[in-house]
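Student: Residues per chain are reported as follows:
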Amino acid sequence: MAGKTIWKGHIRFGEFDLPVKLHTAVKEERIQFHLLHARDRVRLKQQMVCAVERLSVPPEEQTRGFEAGEGKYILMDPEELEQIEPEESRIIEIREFVRSSQLDPLFLERVYYLEPDAPSKGYNSLAAALMETKMAGICTWTMRRRSYVGALMISRKVLRLTVLRYADEVIHAKSLGLGKIPLSEKELKIGSDLINQLTATFEPQKFQNEHQKKLQNLIDKKARGEKIAILRPRRLRPTPSGKLLQVLEASLKKAA
Amino acid sequence: MKKTHSIKLPAKLSAKGEHEPAHQAIWSGTISFSLVAIPVHLVRAVEPGRISFRMLHTHDNSPLLRRMVCPEEEKIIPPEEIVRGFETAQGRYILITDEELESVTPERSRTIEIIEFVDMEEIDPVYYDHPYYLIPSKGGEKSYTLLAEVMNRTSKAGLAKFILGEQEYLVAVKSAEGVLSMITLHYSDEVLGDDDISNETTKTDNEEKNRIKKLIRENTVEYDPDKYADERSGKILDLLRKKARTKGYVKAPEIEMEEEGEGPGDLVALLRKSMGKVKKADD
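In order, the protein sequence lines correspond to chains A and B. With the first letter of the first sequence counted as 1, position 108 gets the number 108 in our numbering; the numbers rise by one all the way through. With the first letter of the second sequence counted as 1, position 239 gets the number 239 in our numbering; the numbers rise by one all the way through.
Don't read these hints as lab results, they were simulated from the structure. There may be inaccurate statements among the hints.
Said to hold, decoys possible - Calculated cross-link-like contacts (lysine-lysine; reagent style DSS-like; alpha-carbon spacing at most 27 Å): (1) B:K138 x A:K157; (2) B:K247 x A:K72; (3) A:K134 x B:K203; (4) A:K21 x B:K209; (5) A:K214 x A:K27; (6) B:K203 x A:K157; (7) B:K142 x A:K243; (8) A:K8 x B:K209; (9) B:K142 x A:K174; (10) B:K75 x A:K189; (11) B:K242 x A:K72; (12) A:K4 x A:K27; (13) A:K243 x A:K189; (14) B:K243 x A:K134; (15) A:K174 x B:K138; (16) B:K213 x A:K8; (17) A:K121 x B:K203; (18) B:K138 x A:K121; (19) A:K206 x A:K253; (20) A:K134 x A:K157; (21) B:K142 x A:K45; (22) B:K138 x A:K243.
Claimed, not checked - Covered stretches of chain B (in silico footprint by chain A; criterion: 3 or more residues with CB under 8 Å from a CB of chain A, positions within the stretch not fixed): (23) 40-51; (24) 66-79; (25) 159-168.
Backbone N, C-alpha and C fix where the C-beta goes; we use that ideal spot for every residue, glycine too.
Start from the sequences and build out the full structure, keeping to the hints where you can.
Tutor: Printed below as a string of structure tokens:
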């Protein structure tokens, strides 16, 4: 079942108008720990601390500054920043369309399921059009005083709005400066064969979070005062470059 | 990794307010597929953005740092004095050490073992959570390049599970531009169904559908993510320029940043970068 409605808006493109509800698509419930002071087990809080006084600073004494040089700031009130955001308008405006395969997964932040806010032929028409063209609509909107860019996509019969990260929030792969290492065609061929051998269908339900159960076991054991056996993490010996081809061949044999 | 580091908040959390050097390793270990093992480290792929603000103290404009504080002593608590506790009742905790945590699944805490490969396009985007990059460590460059290249050739992603701190993550390892990225995935039981989302109207208006398809064709572009980022940052830059003209700058008191990981060198580099961007936009 889809999550709760978090917002309502209108998808708009020229004359086209479609009222929708945004539902959350993910719900995470995992074991939570708290950070404590070792000495007296007092629960710690994450706070903003003044770098000079080393003391917590209450929210009303916090302001934002843009650092324009070393130790040189331009002050900015949150209200001023809000003013430059477009007004909260409930309009999710489709700006243009792109091939959905062009969207880099690194940019996808989270998905909302869209439900028509009233029975609508428009919903079905838009869904079918996106499905048949394999396109995604790039949208902009303002929700809770923040501007978003997102992709309107289709999965089976349900429209989805995927929030995209802004380009300046994603570090470019190129900026990592990794060098090119020459590889022989034989190494690449065997490597590709191996990957094809190890390929399966994407079935996420095969992968359960077993760790949660184990973590709960650990907590129960500790609660009973049992001693926990400390196990060293497994470390693999890196494959030496000179033996890569040999190891690939052995892997392929094993996989076959 | 030193012991004191392992309790640090994951990058996902700390990326919110404070500047952190971009290529600092969050984790180091091995990524493996079949019998091939590649030493790698994990770095961030997401940063706060080009124009990010620092939180300052209104009194003297000194920068604020995000720190763990004891509310009773009102003191910053250094990492070596912090322990992890599971709350069993109000104010009662069971303490869990890093070593005990690592012992839960020792085979996965230092190894990202690719269990199988899947066609990249088969992964439903609803599963994607948070991306990182994997960088080869010394001696792993060749096998790293091989894995990146063959995954690219075959358009595959590798699925793996690995443990970071308190969590076990299901991850997809993918390759682009010779670099491996690793995206954490939601577990299937965390992804909510969409079966209950229905449209009471089952009819599709073919005429309207064709009209929309025509609109789509007429408005199709190559995706340029920079455009939208520039649109937003352009407005903030305009505002900053106006503020600099009318209100000028304030000066923060000189401080010695003794914190590791955010030493002055990295901070200055980051600021220069953002300053360069402002100047360029000013031209």
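Student: So which hints don't hold here, by number, going up?
Tutor: 1, 10, 14, 18 and 21
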